[in-house]
Amino acid sequence: MSERAEQALTRYRNDFLREVEAEVEEGEWVKMCMQCGVCAGSCPFGPHWEHSPQKIFMMIRAGKREAVLASDSMWMCTSCYNCVVRCPRKLPITQIMHGLATYAHKLGLAPKMQPTRDFSLQFWANCTKTGRVNELKLTLGLYFKDGLVAGIKKGWSMRGTAFGLLKAGRLNPFELFGGHRCKDSKGIAAMLAKAQEIEQRNRAARG
Amino acid sequence: MAKKEYAFYPGCSSQLKASAANYLVSVNAMCKTLDVKLTPIPDWNCCSASIGYAGGSELSRHVMNARNFALAETHLPGQDIVATCAACWLNARESKEKLDGSAQLVADTNEALKEAGLQYKGVAGVRHMVEVLIEDLGYDELAKPVVKPLEGVKFAGYVGCQTNRPFGIAGESFENPKYLDKLVETVGGEAADKYEQKVTCCGGALAFSEPEKSQKQIRDIVEAAYDHGADMIVTPCPLCQANVEVYQAEINRRQGTKLAMPVTYYSQLMTVAYGGTAKEAGLDGHLIAPTKLQQIAAKPAK
Chain A
1 MSERAEQALT
11 RYRNDFLREV
21 EAEVEEGEWV
31 KMCMQCGVCA
41 GSCPFGPHWE
51 HSPQKIFMMI
61 RAGKREAVLA
71 SDSMWMCTSC
81 YNCVVRCPRK
91 LPITQIMHGL
101 ATYAHKLGLA
111 PKMQPTRDFS
121 LQFWANCTKT
131 GRVNELKLTL
141 GLYFKDGLVA
151 GIKKGWSMRG
161 TAFGLLKAGR
171 LNPFELFGGH
181 RCKDSKGIAA
191 MLAKAQEIEQ
201 RNRAARG
Chain B
208 MAKKEYAFYP
218 GCSSQLKASA
228 ANYLVSVNAM
238 CKTLDVKLTP
248 IPDWNCCSAS
258 IGYAGGSELS
268 RHVMNARNFA
278 LAETHLPGQD
288 IVATCAACWL
298 NARESKEKLD
308 GSAQLVADTN
318 EALKEAGLQY
328 KGVAGVRHMV
338 EVLIEDLGYD
348 ELAKPVVKPL
358 EGVKFAGYVG
368 CQTNRPFGIA
378 GESFENPKYL
388 DKLVETVGGE
398 AADKYEQKVT
408 CCGGALAFSE
418 PEKSQKQIRD
428 IVEAAYDHGA
438 DMIVTPCPLC
448 QANVEVYQAE
458 INRRQGTKLA
468 MPVTYYSQLM
478 TVAYGGTAKE
488 AGLDGHLIAP
498 TKLQQIAAKP
508 AK
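Protein sequence lines correspond, in order, to chains A and B. The end of the first sequence is residue 207 by the numbering used here, with every number in the run present. The end of the second sequence is residue 509 by the numbering used here, with every number in the run present.
These aren't lab readings, by the way, just hints derived from the structure by calculation. Treat the numbers as computed from the prediction; the structure is a model and nothing was measured. Treat the hints with care, since some could be wrong.
As the list claims (entries may be wrong) - Result set (EDC-like, lysine to aspartate or glutamate): computed pairs, CA atoms no more than 16 Å apart in a straight line:
# : chain 1 : residue 1 : chain 2 : residue 2
1 : A       : Lys194    : B       : Glu318
2 : A       : Lys154    : B       : Glu419
3 : A       : Lys194    : B       : Asp434
4 : B       : Lys321    : A       : Asp184
5 : B       : Lys305    : A       : Glu25
6 : B       : Lys465    : B       : Asp434
7 : B       : Lys420    : A       : Asp72
8 : B       : Lys321    : A       : Glu197
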């Protein structure tokens, strides 16, 4: 178990709702859910969730900590914001789903083989490295995440699309060796390191 | 002097040879005709999109966006920030609302920004290009430069998610926004106004990580456009455009369909209607050629 996961267990004991309120982005909204189910019916990936947002909110209140944090469901959020605009209590559901997924990941409890978790991590690393997204490296990173052979197979199966994009001037093979970037990528790295430091400081102060 | 001036936030996908390179080409042509001056924010960075959440953190996401605000405020004072990408606009605007609502967050953000020699003041507004067109110029103004009305072409206006929710365009409903249809009619095209998939999610970033689930969404979006007799889809979002156009071949291969529905940007329609060439409208940047638009671009103006 990660150090942060142990600390959370000691600090919040069995009060998972209090833990979510304090540790998860927009978590203080969870108690406002009135269980109407509009979010569950509005989600484009609804049929693929094991637990709809409505269920997740009730599970949090029922203290089902392990089941919530290990759930695959939050990772199915496409950020379409349909649930947010339809929620009669105006809960920022998309942001709470992202917040729960992120918290589960930071505690080391998120499902390991979740493809969207992988993609999310790769995206952040990719865009913060130089300040701008390198689309080619991002795509290849996803194709090759299960190894060289799987990556070559996947790349080969998408060759028609890649060639089409190349012809349309929407893919640059030379991005592999460089690509678009911010001039002050050092400044970006420094400010993000500082942001992390501030968040740790704020967490310790909440203690 | 130009009629309107903005601090432009083009976003990663709009860059040269990136997935929405032709969006930027057509936006530039459209804005030239409308006398709108876009000055890119010097050294702008990625907004971290909606998918970057697990790698980043709340503060680091806001700091990324605040860097762009600070750069715009320093180098282009007095100008609103304008994004063409739905995700850039959404994430920037979400960060701005959070920052404007919390003095503590602004203090933390500025402490981090100081490392890059910057400071966020909170003056510049964050807008989408569609807002500039509709609110700052207005439909009447947009109709004036039309020299080639897009007669005989029917468009399914696919608004998608992030230019529509959670912020959307003022005065429009989330369930049935009308502005895209109105833009189509403004440039003389026919809008498939009963197109019921106009605000359906294409899967967004999950088109990469959950391809089968996303391709089901995309198939619905394209088939409904056929059902309504549309010649092509038009959208304001670069990720909607890429997903809905690019994956049709993949759906055909896997599911035996014969989808070949062109997917264009509003800015391409306007550029062609304003007399721009196919190249100026970025019509050479498609996997599925928008033939009817190319034909109009090739014809001399009436």
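Cross-check of the supplied hints:
1. A:Lys194 with B:Glu318: Distance of about 8 Å is within 16 Å: holds.
2. A:Lys154 with B:Glu419: holds, 14 Å
3. A:Lys194 with B:Asp434: violated, 53 Å
4. B:Lys321 with A:Asp184: Given that 16 Å is the threshold and the Cα spacing comes to 13 Å, the pair holds.
5. B:Lys305 with A:Glu25: holds, 12 Å
6. B:Lys465 with B:Asp434: The hint holds at about 14 Å.
7. B:Lys420 with A:Asp72: holds, 15 Å
8. B:Lys321 with A:Glu197: holds, 14 Å
When the structure is compared with the earlier hints, a violation turns up for hint 3 alone.
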